[in-house]
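Novice: Just need the whole structure built from these sequences, with the hints factored in.
In order, the protein sequences belong to chains E and P.
The numbering used here applies: residue 1 is where the first sequence begins, and numbers increase by one.
The numbering used here applies: residue 136 is where the second sequence begins, and numbers increase by one.
Possibly wrong hints are sitting among the right ones.
Lysine-lysine pairs mimicking BS3-like chemistry, simulated, CA-CA at most 30 Å apart [to be verified]:
#, chain 1, residue 1, chain 2, residue 2
1, P, K307, E, K70
2, P, K325, E, K110
3, P, K247, P, K219
4, P, K218, P, K247
5, P, K219, P, K325
6, P, K180, P, K385
7, P, K270, E, K70
8, E, K110, E, K50
9, E, K50, P, K179
10, P, K179, P, K193
11, E, K50, P, K174
12, E, K70, P, K179
13, P, K385, E, K70
14, E, K70, P, K325
15, P, K270, P, K192
16, P, K208, P, K192
17, P, K325, P, K180
18, P, K201, P, K218
19, P, K385, P, K218
20, P, K180, P, K193
21, P, K208, E, K70
22, E, K110, E, K70
23, P, K325, P, K270
24, P, K245, P, K142
25, P, K180, P, K245
26, P, K208, P, K179
27, P, K180, E, K70
28, E, K70, P, K174
Facing chain P, a subset of chain E residues (Cβ under 7 Å, in silico) [stated by the list, open to error]:
#, residue
29, L16
30, L65
31, E72
32, V74
33, R79
34, Y81
35, N95
36, H125
Computed list of chain E residues with no C-beta within reach of chain P, every gap over 12 Å [unchecked claim]:
#, residue
37, L10
38, P49
39, H61
40, G77
No wet-lab data here; the hints were simulated from the structure.
All C-beta atoms, glycine included, are put in the ideal place defined by N, C-alpha and C.
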Amino acid sequence: MKKTNMIIGLVIFAVLVTVPFWSSFVSPANGAAPEVSLDTPAINQMAEPKCVEDVEWMRAHHMDLLNDWKVEVVREGTRVYVAADGTEHLASLQNTCFECHSNYEDFCLKCHTYSNVNPTCWDCHVEPTVVGGAN
Amino acid sequence: MEMNRRKFLKLGTAAVAGLGVAAASSNPAVAAAVNGSYKESAGKKSDVTWGMVIDMKKMDEATLNKCVEACHKFHNVPNIDSKKDEVKWIWGETFEHLFLDEVHDKMGDKYKDMNFMTICNHCAEPVCVRVCPVKATFMNAQGVVGMDMHRCIGCRNCMAACPYGARSFNYKNPRLYLDEINPSYPTRMKGVVEKCNFCSERLAVGELPLCVEEAGGAIIFGDINDPNSAVSKAIADNFTLQRRTNLGTKPKVYYIV
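Specialist: In structure tokens:
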């Protein structure tokens, strides 16, 4: 009798502990990556929407890029970033990134919330509060 | 297979080394942070040392206020109405407060009560840079003493070290004291020190500092290493004062009184 209780308890425990894992099978929407919105005035105006570097790279390395920019811009005073494809960009979070990504809530915040990261950028850098507000 | 101590160590070392190599080669991001390269802005001057002459014969109260307003508005400097908590990049100060060793008791009121424009001196031998434990305060190649706000830990060593009181500490969240935030420049957060940066964001693209533009001739700005620059000529042709030269900090801000 005691042994059965223990096994039932263990099974309940195992199920509860693995909720994050199997719940994504039960309802796939639970763990699905968020859809970030690219619907901003600046991006809509582009004939062929393009970020500083290609999308895959930006998705994985935007934090490295910004980290690098902050050193180059603040300490070296070098403000022009030449991307891999040769295009030139002003290295600035507020004046370049937010020009296009003027939807902080539906872009930055969505992924950051999903992946549970809390970058300190916004302590000082002014996030665009209204669409197209970072001009 | 029988495993003795020697075999175990050999195998173990090989396995750990193999894993390390595999991890390093499978993660190229560690090797290169960015894909591209950097380039100077078109207007940037590299081999200069920036300096400033403030001509108090031309700098009146109204001009000073214009400079303060333009600077503080652009750089999102909060307006806190308390001597202890205030944050300032440019402000007015009496002769006595600026040139302590030059004042004497028969000095005319005209000079005594003059409202001198006061900013960071961007010293050639900056004490603040020497005392900063995290290298948040640094001097760039053009002699501008700047701050890397990403690094400041708010220890206030620099404030204690600066003999000119050019630095302010954010005792409060500065965003609460801004009527309007300029979206093209960051604000600061509670707990960091800030000061005038000689508008290095403007110098980097070949523009003059905001106060120089606002002052309409009362401030002369340029390369103090070039003897033919307007700023060098102003220093050569006029009697100029500097703040507390006896300390050896070598300020780069000069005053014509």
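Novice: Next step is simple, just say for each hint if it's right about the structure.
Specialist: Results of checking the hints against the structure:
Taking the CA atoms of P/K307 and E/K70, the gap is near 24 Å; set against the 30 Å cutoff, the hint holds. Simply put, P/K325 and E/K110 have alpha-carbon atoms about 26 Å apart, close enough for the 30 Å limit, and the pair holds. For a cut-off of 30 Å, the pair hint linking P/K247 to P/K219 stands: about 25 Å separates their Cα positions. Restraint check: the Cα-Cα separation between P/K218 and P/K247 comes to about 22 Å, which is no more than 30 Å; the hinted pair holds.
Our distance criterion of 30 Å between C-alpha atoms is met by P/K219 and P/K325, whose separation comes to about 14 Å. For the proposed pair P/K180 and P/K385, the alpha carbon gap of about 22 Å is at most 30 Å, so the pair holds. Only pairs whose Cα atoms come within 30 Å are accepted, and P/K270 paired with E/K70 is accepted, the gap being roughly 14 Å. Our distance criterion of 30 Å between C-alpha atoms is met by E/K110 and E/K50, whose separation comes to about 20 Å.
Between E/K50 and P/K179 the CA atoms are separated by roughly 28 Å; this keeps the pair inside 30 Å, and the hint holds. For the hint pairing P/K179 with P/K193, the CA-to-CA distance comes to about 29 Å; that is within 30 Å, so the pair holds. Restraint check for E/K50 and P/K174: the C-alpha separation of about 21 Å stays at or below 30 Å, so the hint holds. Between E/K70 and P/K179, the direct Cα distance comes to roughly 18 Å. Compliance with the 30 Å bound is thereby established for this hinted pair.
A threshold of 30 Å between alpha carbons decides the hint, and for P/K385 with E/K70 the separation of about 29 Å falls inside it, so the pair holds. At most 30 Å may separate the alpha-carbon atoms for a hinted pair to count; E/K70 and P/K325 meet this at roughly 20 Å. Restraint check for P/K270 and P/K192: not satisfied, since their Cα atoms lie roughly 38 Å apart, outside the 30 Å limit. Restraint check for P/K208 and P/K192: the C-alpha separation of about 26 Å stays at or below 30 Å, so the hint holds.
In summary, the hint linking P/K325 to P/K180 is not supported, as the alpha carbons are separated by about 34 Å, beyond the 30 Å threshold. Of the supplied pair hints, the one linking P/K201 and P/K218 holds, its CA atoms being roughly 21 Å apart against a limit of 30 Å. Of the supplied pair hints, the one linking P/K385 and P/K218 holds, its CA atoms being roughly 28 Å apart against a limit of 30 Å. The suggested pairing of P/K180 with P/K193 holds, with an alpha-carbon distance near 28 Å, which does not exceed 30 Å.
For a cut-off of 30 Å, the pair hint linking P/K208 to E/K70 stands: about 23 Å separates their Cα positions. Of the pairs offered as hints, the one joining E/K110 and E/K70 holds, with about 23 Å between alpha carbons and a cut-off of 30 Å not exceeded. Taking the CA atoms of P/K325 and P/K270, the gap is near 19 Å; set against the 30 Å cutoff, the hint holds. Among the hinted pairs, P/K245 with P/K142 is inconsistent with the structure: their alpha-carbon atoms are about 91 Å apart, more than 30 Å.
A distance of roughly 39 Å separates the Cα atoms of P/K180 and P/K245; the hinted pair therefore is violated under the 30 Å criterion. Only pairs whose Cα atoms come within 30 Å are accepted, and P/K208 paired with P/K179 is accepted, the gap being roughly 24 Å. A threshold of 30 Å between alpha carbons decides the hint, and for P/K180 with E/K70 the separation of about 20 Å falls inside it, so the pair holds. A distance of roughly 14 Å separates the Cα atoms of E/K70 and P/K174; the hinted pair therefore holds under the 30 Å criterion.
Because the beta carbon of E/L16 sits about 33 Å from the nearest beta carbon in chain P, more than 7 Å, this interface hint is broken. For E/L65, the shortest C-beta to C-beta distance to chain P is roughly 5 Å, which falls under 7 Å, so the interface hint holds. The interface hint given for E/E72 holds, since its Cβ lies 5 Å from the closest Cβ of chain P, which is under the 7 Å cut-off. At about 5 Å, the closest approach between the beta carbon of E/V74 and any beta carbon in chain P falls short of 7 Å, and the interface hint on this residue holds.
Because the beta carbon of E/R79 sits about 5 Å from the nearest beta carbon in chain P, less than 7 Å, this interface hint is met. Look at E/Y81: its Cβ gets to within about 6 Å of chain P, closer than 7 Å, so that hint holds up. Below 7 Å, beta-carbon pairs count as interface contacts, and E/N95 has one with chain P at about 6 Å; its hint therefore holds. The beta carbon of E/H125 comes within 5 Å of a beta carbon in chain P, closer than 7 Å, and the hint placing it at the interface holds.
Consistency note on E/L10: stated as away from chain P, and its beta-carbon is indeed over 12 Å from all of that chain's, at 33 Å minimum. Chain P leaves E/P49 outside its interface by the beta-carbon criterion, the shortest separation being 18 Å against a cut-off of 12 Å. Under the 12 Å C-beta cut-off, the non-interface status given to E/H61 relative to chain P is violated; the minimum distance is some 6 Å. Taking the minimum C-beta to C-beta distance to chain P, about 5 Å, the non-interface status of E/G77 is violated against the 12 Å cut.
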